[in-house]
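Please model the entire structure based on the sequences and the hints provided.
Protein sequences, first through last, are from chains A and B.
Oh and the first sequence: position 292 is 292 in full-length UniProt numbering, straight run, nothing missing.
Oh and the second sequence: position 170 is 170 in full-length UniProt numbering, straight run, nothing missing.
Hints are supplied without guarantee of correctness; some may be wrong.
Remember, identical chains collapse to one label, so a pair may be satisfied in a single copy or spanning two.
[Stated by the list, open to error] Below are the DMTMM-like pairs computed for lysine to aspartate or glutamate, each with C-alpha atoms no more than 20 Å apart in a straight line:
1) Lys220 with Asp200
2) Lys238 with Glu228
3) Lys36 with Asp6
4) Lys107 with Asp34
5) Lys65 with Glu31
6) Lys20 with Glu376
7) Lys221 with Glu204
8) Lys238 with Glu31
9) Lys96 with Glu51
10) Lys221 with Asp331
11) Lys27 with Glu5
12) Lys27 with Asp59
These aren't lab readings, by the way, just hints derived from the structure by calculation.
Every value quoted in this text rests on a predicted model; they were computed, and no experiment measured them.
2 protein chains.
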Amino acid sequence: MRKIEDIRRDINAIDHEILKLFLKRMKCAEEVSDYKMANGGQVLVPSRETELLDTMLKDIPDELKLEYSSLLRTTTRVSRKHQYFRMLEAEPERLKLDIQPRITDPKMVYYGGLPASYQDMACSELFPNAERRPMESWEDVFRAVVNGEADAGVVPVENSTAGTVNEIYDLLQQYGLYISHSHVKVIRHCIAGCKGTTLDSVKEVYSHPQALRQCQQYIKKHGYMLLEESNTAVAANKIAQLADPTKAAICSEAAAKLYGLEILETSVNDGDYNQTRFIAVQRTLSAQPGDTRVSLVLTLPHVVGSLYGSLAVFADYGLNMTEIHSRPLPDMPWNYCFYIDFDGNLLDQDTRALIYQLTQECAYVRVLGSYPVSQEEGTK
Amino acid sequence: MRKIEDIRRDINAIDHEILKLFLKRMKCAEEVSDYKMANGGQVLVPSRETELLDTMLKDIPDELKLEYSSLLRTTTRVSRKHQYFRMLEAEPERLKLDIQPRITDPKMVYYGGLPASYQDMACSELFPNAERRPMESWEDVFRAVVNGEADAGVVPVENSTAGTVNEIYDLLQQYGLYISHSHVKVIRHCIAGCKGTTLDSVKEVYSHPQALRQCQQYIKKHGYMLLEESNTAVAANKIAQLADPTKAAICSEAAAKLYGLEILETSVNDGDYNQTRFIAVQRTLSAQPGDTRVSLVLTLPHVVGSLYGSLAVFADYGLNMTEIHSRPLPDMPWNYCFYIDFDGNLLDQDTRALIYQLTQECAYVRVLGSYPVSQEEGTK
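Structure representation (structure tokens):
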């Protein structure tokens, strides 16, 4: 048995040999991309890649066929990347993105819920000069932005304890809007009731289902019954109307004060860090130098490894995915679209080439936005 | 400009050269694994891989650094795969999985909801000989299985139009249960009311929020108000109690009949194909030759590309992921665990080696089950 240092020395020597061949192969890829720019043709020709793999696999022992397949898949994938990048550099118009000016200081912004809801607070943190208007549902917010009644809408997309708000992603697709801002806000729920209410007199708590989930342990400890409302501020308003000391709301302190409730206890959420990420949506796609995040939605061809293949492309460009989640495609059972966020900027060549590659290789791609990411002060 | 055939001939020749070197490198990997079996030591040594990459990148032009990084990452990853596979073949006890006999014909099975709910129907399709008992909540089902009151529990995990039931995944982790079966069922909602109710007399419809979402378009067309209930059968029962022709339930035809309602219209769901996937949960991990699916949950170290890296491992083993979704980790904002289903069987060497590699390289891995996948007749 050889010493590990000796084996590693061999490995390093082999890797240097492979590198030389790899650089030659990338030169060939450049020739291919020049040829395709002159003569047309897709960069990805699945039949050519399958044929190449089949040919190569003939000379490989069974126990290394899968390992080599991964290597060749990566080789051809980064070869395509190199081609897309060069082609887009030479002909930027290959990537068609209708980028319009961003409304950075909107006059009228809609949000879901009632005044003093967390959505209202996020709205005012994002757009302190805007007139803010509450809507009954998130769909109403999206509709108002599409119609032009509002310059922007503010809605929650994810909570650090409850997870993704699926409905918002469905609405983004349905109404064809774009993300212009992202803002993380610390959520601190309190429990509040009408005058004379105490923690012991309470039997039922009213709130939004997510807020109730975020306070599960607290609620269980007290043995309260749960009643779901459409919004935490709606719950606070209802408790004020009912004026019944057996009922309390879980809401923001601002909502408790606005509706004249007494705060029975603050910070009743289970986790110390309960944060919600909000987005602003606008009618057009925009991009600015300070943007640090890009969102897109894509669908895959239904083949083995295709999700992995599409995610690998992000790593090939050195672009870090911060989120991925799937949603079912309407009327196509067990087929999904994937929503992906990554650290990028639509004005950067890497991000643009990545998107160009995805649009060439996925069944469907829509860029949902390029935007800056802000956080409420004190957020970790 | 050369002809594309000539360039491709060069590429094929280069790939054959790379293959020879790759096979030599895999021989070295075998030596490394023999060394580590004899002397101990982890297969993945991140500092060694970083050092190797840094050394290699010195000789590479800027525009190819990312491409080569992907190639080397894949090379080292499949080299580790080759080592894990050999080590586990030589020493199967390296993978510790406490596999117990499966209860294939349970006596007592609990489900959430009421008799004639879809969950009850799924239950009887999976376990026709079992005594079935309804529980108020999914958590009650999980608790009863943990306590030994029930031999198995049946719960829904995913709907083809509404998506994942996040709560079930959280409960799987919280109660430490295992998946023993998976069953897809076609969901056909009807709308039903008390005697004398017509589609025009109805003003409000009661149902589970997911069922309401699945009938969104139908409900919108009729302008009905929505009222959320905990279960479709609970809604049917309530409508029977209320005996008010302005109110109707959205539920299964079986539930409508059981609670003496008149069916106003059948198949009111939006999609033609509305299917729900149910799982059976048991106290212990089991595996049988006919199993075709494996589920697991893992957490990643928080580094760039690590999600992609972990998914790449599935492709390296030729194992097809059928599902992936993330859930927030409690008390760790914006950190996630990933639930992954793939086509595999815990008794197969490929699946076992994959799991061994993941347990060695991820921060946390738990196998959630190995199980057969059944479908209601007529399901596409």
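Hints, one by one, checked against the model:
Proximity of Lys220 and Asp200 under a CA criterion of 20 Å is satisfied intra-copy only: 14 Å inside one chain copy versus 42 Å between copies. For a Cα distance limit of 20 Å, the shortest separation of Lys238 from Glu228 qualifies both inside one copy, at 11 Å, and across copies, at 17 Å. In this assembly of identical chains, the alpha carbons of Lys36 and Asp6 lie at most 20 Å apart only when taken from different copies (14 Å versus 45 Å within one copy). Taking the shortest Cα distances, Lys107 and Asp34 never come within 20 Å of each other, neither inside one copy (49 Å) nor across copies (69 Å).
For a Cα distance limit of 20 Å, the shortest separation of Lys65 from Glu31 across copies, 19 Å, qualifies, whereas the shortest one inside one copy, 29 Å, does not. Proximity of Lys20 and Glu376 under a CA criterion of 20 Å is satisfied in neither setting, with 50 Å inside one chain copy and 56 Å between copies. In this assembly of identical chains, the alpha carbons of Lys221 and Glu204 lie at most 20 Å apart only when taken from the same copy (13 Å versus 35 Å across copies). Proximity of Lys238 to Glu31 under the C-alpha cut-off of 20 Å is found in neither arrangement, the shortest distances being 70 Å within a copy and 71 Å between copies.
In this assembly of identical chains, Lys96 and Glu51 lie within 20 Å of each other by CA distance neither inside one copy nor across copies; the values are 32 Å within and 40 Å between. Proximity of Lys221 and Asp331 under a CA criterion of 20 Å is satisfied inter-copy only: 18 Å between copies versus 43 Å inside one chain copy. Taking CA atoms no more than 20 Å apart as the test, Lys27 paired with Glu5 passes between copies only; the shortest distance there is 15 Å, against 33 Å inside one copy. Proximity of Lys27 and Asp59 under a CA criterion of 20 Å is satisfied inter-copy only: 15 Å between copies versus 25 Å inside one chain copy.
Going down the numbered hints, you'll see the structure goes against 4, 6, 8, 9, while the others check out.
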